[in-house]
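Undergrad: Chains as they are written, first to last, in this note's numbering: chain A, 1 to 166; chain B, 1 to 422.
Please note: incorrect hints may appear among the correct ones.
Some, not all, of what chain B presents toward chain A, calculated at C-beta under 8 Å [as the list claims (entries may be wrong)]:
1. 12
2. 22
3. 23
4. 28
5. 29
6. 292
7. 343
8. 384
9. 386
No lab work stands behind these hints: they were computed from the structure. Glycine included, every Cβ here is placed at the ideal spot set by N, Cα and C.
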Amino acid sequence: MRDGFDEFVRTRSTGLLRVAYLLTGDRHHAEDLLQEVLEQMYVKWRRIDAAPEAYARRALVNRATNRWRRRGRRPEAPLAHHDVAQPDHSDGVVVRDAVLEALRALPPKQRAAVVLRYLDDLPIADVARALDCSEGSVKSNASRGLERLRAALGPVPATTSDRGDR
Amino acid sequence: MTTDTDIRAALAEAAGGLSAAPDLLDRVRAGGHRRVVRRRTFLAAGAATVAAGSAASVLLAGDREPDTPDVASRFLDHPTRGDLRDDKAFRAEIREVWNRHVAGIPGLRGEPHVIWAGATVPGSRAAAVAQRVRQRVVSSVGQIAYGVMGFLEQTPRGLEAISLEEMTTRADNAPAALLGSQRTVLLVLDDGRRLEYSPDRDYDARGRVRRTFQPLRFRSDGAEIAVVEPQTDGIGIALRAGRAGEDGRRFVSLANFSGLIEGRRGRASARPLQIDRMLPGGSLDWPDAWHLATHEGYGDPYGYDYPVGDVRCRIRGVAGGVRFAVETVTLDDMRTRLFVMAERPEPRFLGFVDLTARLPVRVRLPGGRGVVVAAQGAALRYRAGGGSWLPVQGDTALLPDAATEVEVTPPGGRAGVVPLPR
Numbered sequence: 001m002r003d004g005f006d007e008f009v010r011t012r013s014t015g016l017l018r019v020a021y022l023l024t025g026d027r028h029h030a031e032d033l034l035q036e037v038l039e040q041m042y043v044k045w046r047r048i049d050a051a052p053e054a055y056a057r058r059a060l061v062n063r064a065t066n067r068w069r070r071r072g073r074r075p076e077a078p079l080a081h082h083d084v085a086q087p088d089h090s091d092g093v094v095v096r097d098a099v100l101e102a103l104r105a106l107p108p109k110q111r112a113a114v115v116l117r118y119l120d121d122l123p124i125a126d127v128a129r130a131l132d133c134s135e136g137s138v139k140s141n142a143s144r145g146l147e148r149l150r151a152a153l154g155p156v157p158a159t160t161s162d163r164g165d166r
Numbered sequence: 001m002t003t004d005t006d007i008r009a010a011l012a013e014a015a016g017g018l019s020a021a022p023d024l025l026d027r028v029r030a031g032g033h034r035r036v037v038r039r040r041t042f043l044a045a046g047a048a049t050v051a052a053g054s055a056a057s058v059l060l061a062g063d064r065e066p067d068t069p070d071v072a073s074r075f076l077d078h079p080t081r082g083d084l085r086d087d088k089a090f091r092a093e094i095r096e097v098w099n100r101h102v103a104g105i106p107g108l109r110g111e112p113h114v115i116w117a118g119a120t121v122p123g124s125r126a127a128a129v130a131q132r133v134r135q136r137v138v139s140s141v142g143q144i145a146y147g148v149m150g151f152l153e154q155t156p157r158g159l160e161a162i163s164l165e166e167m168t169t170r171a172d173n174a175p176a177a178l179l180g181s182q183r184t185v186l187l188v189l190d191d192g193r194r195l196e197y198s199p200d201r202d203y204d205a206r207g208r209v210r211r212t213f214q215p216l217r218f219r220s221d222g223a224e225i226a227v228v229e230p231q232t233d234g235i236g237i238a239l240r241a242g243r244a245g246e247d248g249r250r251f252v253s254l255a256n257f258s259g260l261i262e263g264r265r266g267r268a269s270a271r272p273l274q275i276d277r278m279l280p281g282g283s284l285d286w287p288d289a290w291h292l293a294t295h296e297g298y299g300d301p302y303g304y305d306y307p308v309g310d311v312r313c314r315i316r317g318v319a320g321g322v323r324f325a326v327e328t329v330t331l332d333d334m335r336t337r338l339f340v341m342a343e344r345p346e347p348r349f350l351g352f353v354d355l356t357a358r359l360p361v362r363v364r365l366p367g368g369r370g371v372v373v374a375a376q377g378a379a380l381r382y383r384a385g386g387g388s389w390l391p392v393q394g395d396t397a398l399l400p401d402a403a404t405e406v407e408v409t410p411p412g413g414r415a416g417v418v419p420l421p422r
């Protein structure tokens, strides 16, 4: 009855969790968000099984944006309070905190455009579908978001990863 | 960090340590199954749906273990109240209707507990029922065996269940329901939160929502019944808790809210206005303060608004080197407020607009910066002081300040001229 659902969750949930994490900036919220979206997909699976990933991305973006808007009305603990349980000054943690901080400063649409375009490597058309906007709007949001991220992340030291372009 | 590749690497680095929990699939399947049951229950009941309490819970695999505590709720732990609590025939009818209502829920335990049974208005009766469920959930106090709660009302077709909600410890359940064919009877049960009641919303001179709350004085049977204006086309009443709940909010749920909005879906689908435009020159980074939703007072935090997301207008742009935003807000009363922000993100209320008008949005910006006009799907032309008609691209535009009239041709309609405000 729900052919392919288990396989979809097994193979795609980590990727979707990472997207949710960068959209919300909080691991626990990201996990809650993903579970909610997957439960919703379980119910609707027969109607969405042709393009489940697109559905999941769109639902994650919508829910993360709504959450962000609600949060805008009420003070909330800074991201670091949620996610850095132990003092840890490794390069990886520095990068992560800087990225989360920089993403948090972006408007929701720019943040979603940047995450989907540059974390998930999605084509512009797919990002437009996820964000329910035109491809032109994706380009401008991604480009502005990228510009602001670059400015914010400038001082972050290179990590110890072996990426050649660093 | 300047290249796209760097950004990709930084994003991957930031999220790369995460992986989905090994039991995610089990949890999703359990939660998904529960949602299916809810939907089936909803379909069977016609108007009721199981809604989560204010603190979300997660269904765990397996039944209650011996050491799992039961859900704690005053609705389950207090004896039956209400003037019909001793009416055996009515209580039997309540149990029969309730049992049919919850038939799809696995793991129901024991007998249903009648929280309250009583007369509401002459000739009508209502009840509230709760029942424990054997299955375990994670709640804010750890694993518990949860419960369900619902309201029943007398209708011309007989006694009917109109809501179903999950109960977990410390979660605030909906203590109120709107009853009667025109939803003119508000039944509220005392849940210990010092509830307050507002009969209707109003707006002040700045377009902000204004409500007056009065503490509810419950009768000796722990209920309060108020006769209210018909709430079928829009819910004007509101309830507020005297203290914040587990989620930090004072919002009080209405048990049959889902059923109420089911009955009027057609109204929102009329889609009278749905415009979200960034006009040329306005493509800057927009701080959130330029969105009215981020300003306090313009929404109705305690009201029961059906999300009229398809009735919205938001136009942003730059005029004379400064930003502006024109935005409408429509709550459940379907009265649409029009606001403008110019230069600074400070909303200025321009009054109520008629969304069915030929040109619903016509806002002259301060400082001679032009006139914002919008008419969904219409073809527009404008002129200044009886001069020639000039074309407008699209159904939304910033016209020169000299513009005095707009010709509006709605889709499939005839052209008409609308004067612009001075």
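Undergrad: Each hint: holds or not?
TA: Hint check results:
1. 12: holds, 7 Å
2. 22: Violated, about 10 Å.
3. 23: Hint on residue 23 (chain B): violated, closest Cβ of chain A at ~11 Å, above 8 Å.
4. 28: With a minimum Cβ separation of about 4 Å from chain A (threshold 8 Å), the hint on residue 28 (chain B) holds.
5. 29: With a minimum Cβ separation of about 7 Å from chain A (threshold 8 Å), the hint on residue 29 (chain B) holds.
6. 292: violated, 11 Å
7. 343: Constraint on residue 343 (chain B) not satisfied, violated at 20 Å.
8. 384: Result: violated, 31 Å to nearest chain A Cβ.
9. 386: violated, 38 Å
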